[in-house]
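Construct the complete structure from the given sequences, taking the supplied hints into account.
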Amino acid sequence: MSWTDERVETLKRMWAEGQSASQIAKELGGVTRNAVIGKVHRLGLSNRVGGAGGKEEDEETPVAATPKAAEPPKPAAPAEPVAAAPVPPRPTPEPRVAAERPAAPAAPAAAAAPASGANVTPMPFRKAIVPAGQPLPPQPSANEISPEALASVREVEKRARKLTLMELTERTCKWPIGDPATEDFWFCGLPSQAGKPYCDAHVGVAFQPMSARRDRRR
DNA sequence: CCCTGATTCGC
DNA sequence: GCGAATCAGG
1 MSWTDERVET
11 LKRMWAEGQS
21 ASQIAKELGG
31 VTRNAVIGKV
41 HRLGLSNRVG
51 GAGGKEEDEE
61 TPVAATPKAA
71 EPPKPAAPAE
81 PVAAAPVPPR
91 PTPEPRVAAE
101 RPAAPAAPAA
111 AAAPASGANV
121 TPMPFRKAIV
131 PAGQPLPPQP
141 SANEISPEAL
151 ASVREVEKRA
161 RKLTLMELTE
171 RTCKWPIGDP
181 ATEDFWFCGL
191 PSQAGKPYCD
201 AHVGVAFQPM
211 SARRDRRR
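Going by full-length UniProt numbering, 167 is the number at position 167 of the first sequence; the sequence numbering is gapless.
A hint or two may mislead.
What the hints assert, rightly or not - Each computed DSS-like pair below joins lysine-lysine, with the alpha-carbon atoms no more than 27 Å apart:
{"id": "1", "residue 1": "K26", "residue 2": "K162"}
{"id": "2", "residue 1": "K158", "residue 2": "K196"}
{"id": "3", "residue 1": "K26", "residue 2": "K12"}
{"id": "4", "residue 1": "K162", "residue 2": "K196"}
{"id": "5", "residue 1": "K158", "residue 2": "K26"}
{"id": "6", "residue 1": "K12", "residue 2": "K196"}
No lab work stands behind these hints, which were simulated from the structure alone. Small disclaimer: the values here were computed from a predicted structure and weren't measured.
Put into structure tokens, the structure is as follows:
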């Protein structure tokens, strides 16, 4: 396999989307992740911004540093985009998907099924069907989850790989997103932590230590 | 062990 | 230019 224009385009696109080298390699086929990484470097598009996969850190590494683009008129930039309002409505930044609804015979689906215009489902559905062996559709419901965790989840769900049931593996996050009764349903799919069924962000909201409620004595 | 990207270096 | 092997890390 050689790096045709088309393949390079795919590489650039996926890399920009934050896909990992191995995911890209898998998509392209015929190459290993090493090949992808090597190409990425040769293309000079090394460090990305939207860090996903593997080392995600909640810090905006000032990696920007484009050797040009000086910024004269910029007094201060103290704006903190993270951890603020509980649920700021966000227009889906990725205009992809959403345009593939078969012939849904009058689907009122008012409550759920936002996907194309509203923010993505904030919580997994109660009826969510989870792969055998992995029950527990988490219900943080009345629980109090830290704003950080929620923010993290929303962030992650925007970047979900949107896998189908069959695409899940031992190491992909199995957190359901959307309404299983509609087409707007998929699984997070991001790398899950060893042994756990969910990715870091979802583990954060899935396994609550029964926080607020003080445990009774025993 | 699973995974991530970064680098090296023979081809 | 390419990418396997290796390195460094979570």
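Status of each hint after checking the structure:
{"no.": "1", "hint": "K26 / K162", "result": "holds, 16 Å"}
{"no.": "2", "hint": "K158 / K196", "result": "holds, 21 Å"}
{"no.": "3", "hint": "K26 / K12", "result": "holds, 14 Å"}
{"no.": "4", "hint": "K162 / K196", "result": "holds, 18 Å"}
{"no.": "5", "hint": "K158 / K26", "result": "holds, 21 Å"}
{"no.": "6", "hint": "K12 / K196", "result": "violated, 31 Å"}
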